[in-house]
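Colleague: Listed below, chain by chain, are the residues.
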Amino acid sequence: MSLLEVKDLKVRVEEREILHGLSLTVNPGEVHAIMGPNGSGKSTLSHVIAGKPGYEVTGGEILFRGEDLLEMSPDQRAAKGVFLAFQYPVEIPGVTTMNFLRTALNAQRRARGESEFLVPDFLKKVRNVAASLNIPMDMLKRGVNVGFSGGEKKRNEILQMALFEPAVCILDEMDSGLDIDALRVAADGVNALRSPDRAMVVITHYQRLLNYIVPDFVHVMSKGRVVKSGGKELALELEASGYAQFEDAA
Amino acid sequence: MNVALVKNETASALSDSFALARGRLPGSGKVASAREAAFAAYAQAGLPHRRIEDWKYTDLRALMRDVLPLAAAPDAAELTRAAAAAKLHAIDGVRRLVLVDGVFAPQLSDLGGLEKGVSVRTLREALEAGDAALQAQLLAPDNANPMVALNSAMMTDGVVIDIADGVVLTQPLQIVHIASGHVPAAMFTRSLLRLGKNAGATLVESYIAAEGAKAYQVHDSLIIAIGNNSRLDHVRLNEDGRDAFNISSAVVSLGAHAHFNTFGMMSGAGVSRYQATIAIAGEGSKVETNGVNLLNGKQHADTTLFMDHAVPNGASREIFRAVVDDRAHSVFQGRIIVRPHAQKTDAKMMTRALLLSDEAEADNKPELEIFADDVTCGHGATTGALDESLLFYLRARGLSEKEAQALLIQAFVGEAIETIVNDGLRELAIAAARRWLEARG
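Chains as they are written, first to last, in the numbering used here: chain A, -1 to 248; chain B, 854 to 1294.
If you are wondering where the hints come from, they were derived from the structure by calculation, not from laboratory data.
Bear in mind that the values here come from a model prediction, so they are computed numbers and not experimental data.
A hint or two may mislead.
Distance condition first, Cα-Cα at most 30 Å in a straight line; then the derived DSS-like pairs of lysine-lysine [stated by the list, open to error]: (1) Lys78(A) x Lys1197(B); (2) Lys139(A) x Lys1151(B); (3) Lys139(A) x Lys1201(B); (4) Lys78(A) x Lys5(A); (5) Lys969(B) x Lys151(A); (6) Lys139(A) x Lys151(A); (7) Lys123(A) x Lys139(A); (8) Lys50(A) x Lys1201(B).
Just a few of them, taken from the derived set where beta-carbon distance is under 8 Å, the chain A residues facing chain B [unchecked claim]: (9) Pro26; (10) Gly27; (11) Glu69; (12) Ile90; (13) Pro91; (14) Gly92; (15) Arg100; (16) Gln106.
Every residue gets a Cβ at the ideal spot worked out from N, C-alpha and C, and that includes glycine.
Produce the entire structure from the sequences given, and follow the hints as far as they go.
Modeller: The structure is reproduced here in structure tokens:
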């Protein structure tokens, strides 16, 4: 059984259809890149998979290990192992990152019928993960993402990914707003989480990110559909020729 | 238009109750004549209503209708119920001074082993046998505010605390107001805290109800005088019964280089109004006035602050947060006046309300009146719902809708609660907020 199956998905926002029948199959261990110009529906796809309100699914389905993902609330999806790394992680003043991480991790564990992490075990786990991502513990005592740089916010997303150990990670424009050094640190964090059990869907506008996170498959989206799929060489092709050819094709 | 009629009925019913109560009200001579004048001022004005600007959002004629008769002094059964309530709401490590149905209860209070330089008396003693200066201080609040005037006329008991120069109390003092009567009644209390020079203290005020207390009214006032170079920390927790009324006033004055940090949390009472007048009378003093309203059902809670900068180099900060659910109504009125000589005043006020239901209401009215030209003053007010993008982020990380809301509400009130300096009292406020959130289900 596939891990994630998007079948002929049609999505509207208000009165406008954004996705016009998109299909995508992701198996454990695979890394898929979704590329496309602005407005092609890449972020919409990531939001609908995570369960963000405001989108109306008018056709098709999304299955996660064969279960209907669209029937689940966002927190149920998270507990099942769906993780969205946000393009723009929000700032939450007054909630320390530590408190947030522990509340979230334990909420997911409770939902799965697992025991909650005790504080010492939790701290040990966070310390290890934070050290590997070069995140100082002091940063985690501040409000969630408050006063963080763009790179720090993205690293905080990867920290959560490492802590929650999801089955599918959707990385929405992880490279936006990052300089090359910050990008390398973030990509190293993601690569460390690649495993035969885990799949990743990397959404990006630019080929650059894919030099660091090398995908198994590349899909080109245009106007709400996947218009071409191929191996990693497709990304290089796009870099050379641009998206214009696909916009015409769609 | 039968406003006059309503006023007359209320006033005449109250005149009878004042006449009936007079025999029980302590003090003669100047005290008694001050009561007469205060009562006359109240009777003239009647209960404040919405056409009086200061009471626009809290129309006591509509909300309270009339003032109940003076509560009887508690009997043995009532004191037993009050003792149980006091135990249930006990705070570790404080010295308790308990008022039951508006009467000081020595048997429930911790009067033993008072620190050197600290004296505690009852208001009754002070009005009957206190020196002229003390009595003048107790009668100082003027009659312009009808509810203060009513309190001056009817004040029955309370505590008078003196802390001598140079004394810094480590143990917080707590004044506990307990309503215990099964018969609806009103209690009228007034307390005074005089903090000498180079002194320090922490005062907690709590309002609670004993099992079975019925639709009672608390009419309370607190007078605070903070000497030069002294610091007072003040925490006020209103956990009155849901059908109770609580109309409380505070009149605070600070000397030079003094510091007043006050925090109020309103989660109890059906209808409440807390009106505080804080005057900086000596240079270089600092005031922090912070508060949180946690309201649901049909609760109505009004916090009205008047910050008076009368001298130069004063600083004041007001942080106020209201969380309003169901059909509750939160009111915050904050007025800052900077008088002509009060140069270099630094005054800021920020009030924010969070509405959790479509029928919840929050009225925020910040007002600045600045008559000096070299000052830093500012205010801000916002009202809104929980941020959808924050809620989604938390839910995408596994928090249920209620958990996500609770975390954001805690963060919202946290900024105000964190201003409480005493660790134990801060934890107490955090726990009260958490209980309120858990009760939402």
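Colleague: Does the structure keep Lys123(A) and Lys139(A) at a Cα separation of 30 Å or less?
Modeller: holds (15 Å)
Colleague: Hint Gly92(A) vs chain B: min CB-CB distance below 8 Å?
Modeller: holds (3 Å)
Colleague: Can we keep the Glu69(A) interface hint, with Cβ of chain B closer than 8 Å?
Modeller: violated (15 Å)
Colleague: Does Lys78(A) pair with Lys5(A) here, judged by a C-alpha cut-off of 30 Å?
Modeller: Given pair Lys78(A), Lys5(A) holds - Cα atoms ~20 Å apart, limit 30 Å.
Colleague: Hinted pair, alpha-carbon criterion (30 Å max): Lys50(A), Lys1201(B). Please report holds or violated.
Modeller: The given pair, whose Cα atoms are some 38 Å apart, is violated under the 30 Å limit.
Colleague: Can the restraint linking Lys78(A) and Lys1197(B) be considered satisfied, given a maximum Cα separation of 30 Å?
Modeller: Violated, because 59 Å separates the two Cα atoms, which is more than 30 Å.
Colleague: With the threshold set at 30 Å, check whether the alpha-carbon distance from Lys139(A) to Lys1151(B) stays at or below it.
Modeller: violated (38 Å)
Colleague: For the restraint on Pro91(A), tell me whether the closest CB of chain B is nearer than 8 Å.
Modeller: Status holds, d = 7 Å.
Colleague: Go through the hint on Pro26(A) and say holds or violated, using the shortest Cβ distance to chain B against 8 Å.
Modeller: For Pro26(A), the interface hint is violated, since the closest Cβ of chain B sits about 21 Å away, which is over 8 Å.
Colleague: Starting from Lys139(A), check that the Cα of Lys151(A) is at most 30 Å away, please.
Modeller: holds (14 Å)
Colleague: Is the shortest C-beta separation between Gly27(A) and chain B less than 8 Å?
Modeller: At about 24 Å, which exceeds the 8 Å cut-off, the nearest Cβ of chain B leaves the hint on Gly27(A) violated.
Colleague: How about Ile90(A): closest beta carbon in chain B under 8 Å, or not?
Modeller: holds (6 Å)
Hints 1, 2, 5, 8, 9, 10, 11, 15, counting from the list given before, are not met by this structure.
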